[in-house]
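The lines below spell out each chain.
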Amino acid sequence: MAMETSRRGFLAAGAGLTLGLMLPLGRGRAQMTVAGPFAPNAFIRIGTDDVVTVLVKHLEMGQGPYTGLATLVAEELDADWSQMRAEGAPANDQLYANLAFGAQGTGGSTAIANSYMQMRKAGAAVRTMLVAAAAQEWGVPASEISVKAGIVAHAASGKSSGFGALTQAAAAQPVPEDPPVKDPKDFVLIGKDRPKLDTPGKTDGSAQFAMDIYRDAMLTVVVAHPMKFGAKVASFDDKAALAVPGVEMVRQISSGVAVYGQNTYAALKGRDALSVTWDESAAETRSSAELFEAFVQAAAAGGVPVEEQGDVATLSGAAKVIEAEYRFPYLAHAPMEPLDAVIELKSGKAELWYGCQFPAFDRPTVAGTLGLPVEDVRINVLLAGGSFGRRAQGSAHLAAEAAEIAKAAGRDGAFKLVWTREDDIRGGYYRPMTLHRFRAGLDDSGKIIAWENTVVNQSIMAGTPMEAMLKGGPDNTSFEGSTGLPYQFGARRIVWARMESPVSVLWWRSVGHTHTAYAVETFLDEVLEAAGKDPVAGRLELLPAEATRERGVIEKVAEISGWTGPTRDGKGYGIAYAKSFDTYVAQVAEVEDQGGAPRVTRVWCAVDCGVAVNPNVIRAQMEGGIGYGLGTALHNHITLAPGGEVEQSNFHDYPMLRISEMPAVEVAIIESAADPTGVGEPGLPPLAPAVANAWRAISGESRHVLPFGGAMS
Amino acid sequence: MTSFRVNGRDHTLDIDPDTPLLWALRDELRLTGTKFGCGIAQCGACTVMLDGMPRRSCVTPISMAEGREVTTIEGMEGPEITAIRAAWTAIDVPQCGWCQSGQIMSATALLQMVPSPSDKDIDHAMAGNICRCATYLRIRQAIHDAAKTLEG
Chain A
1 MAMETSRRGF LAAGAGLTLG LMLPLGRGRA QMTVAGPFAP NAFIRIGTDD
51 VVTVLVKHLE MGQGPYTGLA TLVAEELDAD WSQMRAEGAP ANDQLYANLA
101 FGAQGTGGST AIANSYMQMR KAGAAVRTML VAAAAQEWGV PASEISVKAG
151 IVAHAASGKS SGFGALTQAA AAQPVPEDPP VKDPKDFVLI GKDRPKLDTP
201 GKTDGSAQFA MDIYRDAMLT VVVAHPMKFG AKVASFDDKA ALAVPGVEMV
251 RQISSGVAVY GQNTYAALKG RDALSVTWDE SAAETRSSAE LFEAFVQAAA
301 AGGVPVEEQG DVATLSGAAK VIEAEYRFPY LAHAPMEPLD AVIELKSGKA
351 ELWYGCQFPA FDRPTVAGTL GLPVEDVRIN VLLAGGSFGR RAQGSAHLAA
401 EAAEIAKAAG RDGAFKLVWT REDDIRGGYY RPMTLHRFRA GLDDSGKIIA
451 WENTVVNQSI MAGTPMEAML KGGPDNTSFE GSTGLPYQFG ARRIVWARME
501 SPVSVLWWRS VGHTHTAYAV ETFLDEVLEA AGKDPVAGRL ELLPAEATRE
551 RGVIEKVAEI SGWTGPTRDG KGYGIAYAKS FDTYVAQVAE VEDQGGAPRV
601 TRVWCAVDCG VAVNPNVIRA QMEGGIGYGL GTALHNHITL APGGEVEQSN
651 FHDYPMLRIS EMPAVEVAII ESAADPTGVG EPGLPPLAPA VANAWRAISG
701 ESRHVLPFGG AMS
Chain B
714 MTSFRVNGRD HTLDIDPDTP LLWALRDELR LTGTKFGCGI AQCGACTVML
764 DGMPRRSCVT PISMAEGREV TTIEGMEGPE ITAIRAAWTA IDVPQCGWCQ
814 SGQIMSATAL LQMVPSPSDK DIDHAMAGNI CRCATYLRIR QAIHDAAKTL
864 EG
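These protein sequence lines are chains A and B, in that order.
Sequential numbering from 1 applies to the first sequence in this note's numbering.
Sequential numbering from 714 applies to the second sequence in this note's numbering.
Please note that a few of the clues may not be correct.
[Unchecked claim] Below, computed lysine-lysine pairings styled on DSBU-like, alpha-carbon distance capped at 35 angstroms: (1) K861(B) with K192(A); (2) K833(B) with K556(A); (3) K861(B) with K556(A); (4) K192(A) with K833(B).
To be clear, the hints were calculated from the coordinates, so they are not data collected in a lab.
Keep in mind the model is a prediction, meaning the values are calculated, not measured.
With the sequences and hints as input, model every part of the structure.
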C-alpha cells in the first residue's frame, strides 16, 4: 500500500528523514551490559557465540524483509550468512521509522528501498568497531585487518577471530558516525540467492504468530460485529452467552459486543448464544447494484481533474472514438492468519504481541484508549500470516479493539483477540469498489490523439487519521496508475469522483493499481486493436525515448515469452505493463479456453526493481503476486445484498486460487545498478489485464466486469 | 473426559467433547503449529494425522479422537516428512508460513501413499490446502524433489 501522497505527508509531518537516516547511536559509546549481547546500535546484536541478530524494523508477512534487511547488514559486516538471524523490532518510532514515511510502518513495498543505505551503514559501523577492537587487542594497525565470512584476521601475524570473541572490546570502541560502505562491485551477498532466515521455523510448526501466544490465565475474546456497515449496538442480552461453560464475561465495546472465554471454543459458543439488537440508523443499506448506480451517476456528473495534458476536446474531431466502462467489486484481503492480537495489562502498563504493521498508529492508539503514556505500551512485533494491506490500518482499528477489550474487562490480565474467517470476510476494510469510464480517440493513421479516464470510488485515506496528509487534495491511492502513465496519448484528462459510504475501505496489495492497471491495460489493448496494432509493438510505439526501463521490461517479456502476437496454436497471449511502487513489471499470460472460461497455463514476467538484493525473494514475490492476482480476477468479489449485508462469509463463497489453477511462471530480473525498489506488490497489477487480453484474443470477449467467474449482483 | 494419544503421549482432557480438535491441540496442549484458517474445512491449515490419515482438525470434535492417535506437525517423524522438510527448505517454499504446517502434512500423507506422484496426483492431494501467498509452484516442485530423494 501507500503512495506518494502519504509519503509526502509523513515527511511533511516532520519526523525527520535526515535524522532517521543517521544511525540512532548518538550516545558516544555503544552500551554493553555484562550479560547481554554486544548491542552497538538499534539494529544489530552480536552474541559471544558469533550469532548476529538483526532487529528488523519491518513486519515479516511473507514478503521477505527478515532476509532482505539481514542481507544488507551481513554484506557490510562481512558476516557469514550462517551466523545471521532476524527478529522483529518492537514498536518505537524514534529507532525504527520507515524512512519513506518518517514513522514506523511497513507498506508501499518500501522495506528494502528505505533500508538499503541505513542497514548497510549499520553493518559497516559495526564492522569498523570489530576491526578497531581486533587492532587494539592484537597491537596491529586496523588497516592491515581483513574481515571475510565472519572471520576477522590479520595476515602478517596469523591472528584471527570470530565476531563473538571481539564483542567486549568492540563495545568500548567509538561508534563511527558515517562509515564507508562497499562499492557494489565488491558485493558478496547482495545480488545472490540465499536461504531465507524464516524458512526453518515455517516448516516445523515452531514459527510464532499472535495466535500462538499463551499468557497465564489468558482469556480468548471474540467480538460480535454488526452485519451492516455503520451499525452500532442498540442493546444486547448476554444471559445465554454467560450460561455457556467457560464464558467468563460479556462486554460492550465500540465495535460490538465482546465475549470472553477460558478458551477459544467457549468464546465462540458464547458469541453464538449472544443476542444483539443493532441500531442501523446510520448503516449502509444499499446493495452493490444500487451503489454502482450511484457510481454511474457520479461518473456522468464528473469529478475533479487529477491529471491534464493538452485538450481532450480533440476527441470530437477523432476519426474513431472508443468507449468503455469497467466495474470492480469490493475485495477482502483474506490473509491466511485472520486478525488477532494478544494484550496484557499489568500494573499500569500494557504489552502486546501481534503482527503489527503500523506501529506508528497502533501504539498511540493503544495508549490513548487505555489512558497510558506511550512509553508504557510495548508492542512486540511478531510474524504475520499474510497481510496484503489488511494489517496496515490508518484507523488502527485492531489495536483499538484489543485495547478496548482489555479496558472493558476492568482488571489486569491477558486477553487474546481472535477474528474468525467470517469476521474477516464480512469485516470491511475492503479494496474500494470502483468504476472506470474511458474515451479514446484515434486519428486517420491510427494514432491515439486523446485519452480520457474517469475513476469513481471511495477514498482510502479520507476519514482516517491519514486524512491530514491529503491537505484537502485528492487521494492519489484512489486513481494511481490511471495517472502517471508513460504512454504518449496526445491529450489526456484523468478525473476522479469521490464516493462516500459507511463501508470501510483499505489498501489491498498494490492499492490503486489493482484496478487502474486492469482498466488501462485492457482498454489500451482494445484501442490498439482498433488502430490495427500489435499489443507489444503498439505499446512500445507509445513510449517516449527516455522511457528506457518501461521499454526494457516490455521487450524482455516479449523475448522470454517468444511473443508472436495475441494467438498461437489456439492459445491466447496477452501482455500488460504496470509500474507500481517505483518497480517496472511486464507480464505475458498464456490462456486456453476451457469450456468457455479462461484457464491460465503460463505467465512470463519481467521485473526491473533496481539492484536485486535477493533474486530468490524477488522471484517468489512475482510468483505470489501472480497467484494472488489470478485467484482474485477469476473468483473474488464482495457484494452487498439489498439491505446492505455482505453476501460472502468464508472460503466456500469467497474462493481462493487452488494449486491446480496456478500457472507455470518464468521470471526475468532486469540487471540494474539503480537503487532497489519494492517487490511485494508490483507483481500483481499486470497479471489480470494480461489474462483478460489473452482471453479476448481467443474468445473475442472483452471482460469489463470482474471477477471472470461471477457477475456482479 | 476424552482420552487420546498425541504425538506419542497419552492425554485426557476434561473439556466439552464437541470442542474441535484444533482448539484442544492449541488451547489445551499448546501445540500451536496446527493453524486456524477457516473453521469449515475449506483451507487445510489445521490438517493433522488421525490414525495416520490427514484430517481437518477444525471440524473434528475431540470425541471423535477418543482412543485414537493424533499426530501434529510437531510430532511428525519418518523418511517422508524428513524429505519433505528438506525439500521445502532447499527452495524456500514458505512465504508468510501460516498455511505451511497444513501443506506439509498433506504433502507427507501424499508421499506415504504415492511415492512418485504425478502433477495430477499433487493437484488432487493438495487441492484442499489454500496458500494465500500462492507458493503453489514451489510446493509442487518440493513434493517432486522430496519424492526423488526418497527414491534414493
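Structure-based check of all given hints:
no. : hint                 : verdict
1   : K861(B) with K192(A) : 26 angstroms, holds
2   : K833(B) with K556(A) : 32 angstroms, holds
3   : K861(B) with K556(A) : 34 angstroms, holds
4   : K192(A) with K833(B) : 33 angstroms, holds
The earlier numbered hints are all upheld by this structure, with none contradicted.
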